[in-house]
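Engineer: Residue numbers (full-length UniProt numbering), protein chains in the order written: chain W, 1 to 152; chain Z, 1 to 152.
These aren't lab readings, by the way, just hints derived from the structure by calculation. Among the hints, erroneous ones may be present.
Across the chosen pairs, the derived CB separations fall in these ranges [said to hold, decoys possible]: (1) Z:T59 to W:W147: 35 to 45 Å; (2) W:A15 to Z:T59: 37 to 47 Å; (3) Z:V65 to W:S39: 20 to 30 Å; (4) Z:C44 to W:P76: 40 to 50 Å; (5) Z:S114 to W:L58: 41 to 51 Å; (6) W:T48 to Z:S111: 49 to 59 Å; (7) Z:V152 to W:L58: 33 to 43 Å; (8) W:L136 to Z:I79: 20 to 30 Å; (9) Z:T48 to W:W147: 54 to 64 Å.
In silico negatives: residues of chain Z with every beta carbon more than 12 Å from chain W [claimed, not checked]: (10) M4; (11) K71; (12) A110.
Ideal Cβ positions, reconstructed from N, Cα and C, are used throughout, including at glycine.
Protein chains: 2
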Amino acid sequence: MEEMAGALGTIGSLALRFGQAIFSVASLLFMCLNTEFYSYTAFCFLVTIMGLVVPWSLTLALVDVLSVYFKPPIRPPGILSIVVVGDWVLSFLSLAASCSAASVTGFLLASGDSFCIESLCIRYRVAAAMAFMSWLILLSSTLINIWFLSSV
Amino acid sequence: MEEMAGALGTIGSLALRFGQAIFSVASLLFMCLNTEFYSYTAFCFLVTIMGLVVPWSLTLALVDVLSVYFKPPIRPPGILSIVVVGDWVLSFLSLAASCSAASVTGFLLASGDSFCIESLCIRYRVAAAMAFMSWLILLSSTLINIWFLSSV
Numbered sequence: 001m002e003e004m005a006g007a008l009g010t011i012g013s014l015a016l017r018f019g020q021a022i023f024s025v026a027s028l029l030f031m032c033l034n035t036e037f038y039s040y041t042a043f044c045f046l047v048t049i050m051g052l053v054v055p056w057s058l059t060l061a062l063v064d065v066l067s068v069y070f071k072p073p074i075r076p077p078g079i080l081s082i083v084v085v086g087d088w089v090l091s092f093l094s095l096a097a098s099c100s101a102a103s104v105t106g107f108l109l110a111s112g113d114s115f116c117i118e119s120l121c122i123r124y125r126v127a128a129a130m131a132f133m134s135w136l137i138l139l140s141s142t143l144i145n146i147w148f149l150s151s152v
Numbered sequence: 001m002e003e004m005a006g007a008l009g010t011i012g013s014l015a016l017r018f019g020q021a022i023f024s025v026a027s028l029l030f031m032c033l034n035t036e037f038y039s040y041t042a043f044c045f046l047v048t049i050m051g052l053v054v055p056w057s058l059t060l061a062l063v064d065v066l067s068v069y070f071k072p073p074i075r076p077p078g079i080l081s082i083v084v085v086g087d088w089v090l091s092f093l094s095l096a097a098s099c100s101a102a103s104v105t106g107f108l109l110a111s112g113d114s115f116c117i118e119s120l121c122i123r124y125r126v127a128a129a130m131a132f133m134s135w136l137i138l139l140s141s142t143l144i145n146i147w148f149l150s151s152v
């Protein structure tokens, strides 16, 4: 089994997982700190999905750290399939969540809603952009692992 | 090259393509007929993407019809890759568009906006649901063709 940059258990994968976790945490912070996001379904959805992406990415980052620094990676196709399916589902959900939040924020901004006081909507927009970045990195993880799985 | 149900140039693929086209046209009709969708970005996005899915699906349905009824299918990996990438990009875009439209519609319904007169928002919601169904079928086409491509 040859090494492939970005596949589970390599330094590349570790970097991708950290990227996902950082963008998701940033999205959560922009969305939650000192705001009342729970009055809008789309924002609740975004927070829920980002709250799922963070532990998923950190767990897989831990697996990568163990593989890279302590012992050579063990990657049976079963485990790889679970990782691929999880990445896949989370990437769809985070794309959906970020688009929903972005469109509701755009709508709020356009309608001049009283909810958008003190640049709150800008923060929501940044949170949606962070979720979108997290989706992009999740997608690249998924694609690399699918490619690797097909070559196993 | 063995036959695979749903791969490009088979009866299964033809059925999937017709499903995509029918759901996309339904979404377009629900969104456009007798409404003023263009005042909301999310709705314009949905209409644009559905307007891309319809010709894409019909073109590939034509290819399938030619393959099934007139001559055996010719599927070089290059053409298959283009089809897979096109399906892939359109599936992401249609998921994003349907989620955006659904979240804006939900928001309009919840806020009791005057735009939602005479069950207009129900129609938008149905249009978003049709786009979501179109996404599901596009995704299955993509997955089947990726699987087939990896076995070529």
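Engineer: If a hint holds in the structure, say so; if it doesn't, say that too.
Structural biologist: So, going through the hints one by one against the coordinates:
1. Against the hinted window of 35 to 45 Å, the Cβ-Cβ separation of Z:T59 and W:W147 comes to about 28 Å, which falls outside the hint.
2. Between W:A15 and Z:T59 the C-beta distance comes to about 40 Å, which sits within the given range of 37 to 47 Å.
3. Between Z:V65 and W:S39 the beta carbons are some 51 Å apart, a value that contradicts the proposed interval 20 to 30 Å.
4. At about 47 Å, the beta-carbon gap between Z:C44 and W:P76 stays in the expected band of 40 to 50 Å.
5. The hint said 41 to 51 Å for the Cβ distance between Z:S114 and W:L58, and at roughly 46 Å that hint holds.
6. The supplied range of 49 to 59 Å is broken by W:T48 and Z:S111, whose beta-carbon atoms lie about 22 Å from each other.
7. Look at Z:V152 against W:L58: about 38 Å separates their beta carbons, and that is inside 33 to 43 Å.
8. The hint said 20 to 30 Å for the Cβ distance between W:L136 and Z:I79, and at roughly 27 Å that hint holds.
9. Separated by about 31 Å at the C-beta atoms, Z:T48 and W:W147 break the suggested range of 54 to 64 Å.
10. For Z:M4, the condition that its CB be more than 12 Å from all CB atoms of chain W holds, with the nearest at approximately 15 Å.
11. Every beta carbon of chain W lies more than 12 Å from that of Z:K71, the smallest distance being close to 30 Å; the non-interface claim holds.
12. Residue placement check: Z:A110 does not keep its beta carbon more than 12 Å from all beta carbons of chain W (closest about 8 Å).
In this structure, the earlier hints numbered 1, 3, 6, 9 and 12 are contradicted, and the remaining ones agree with it.
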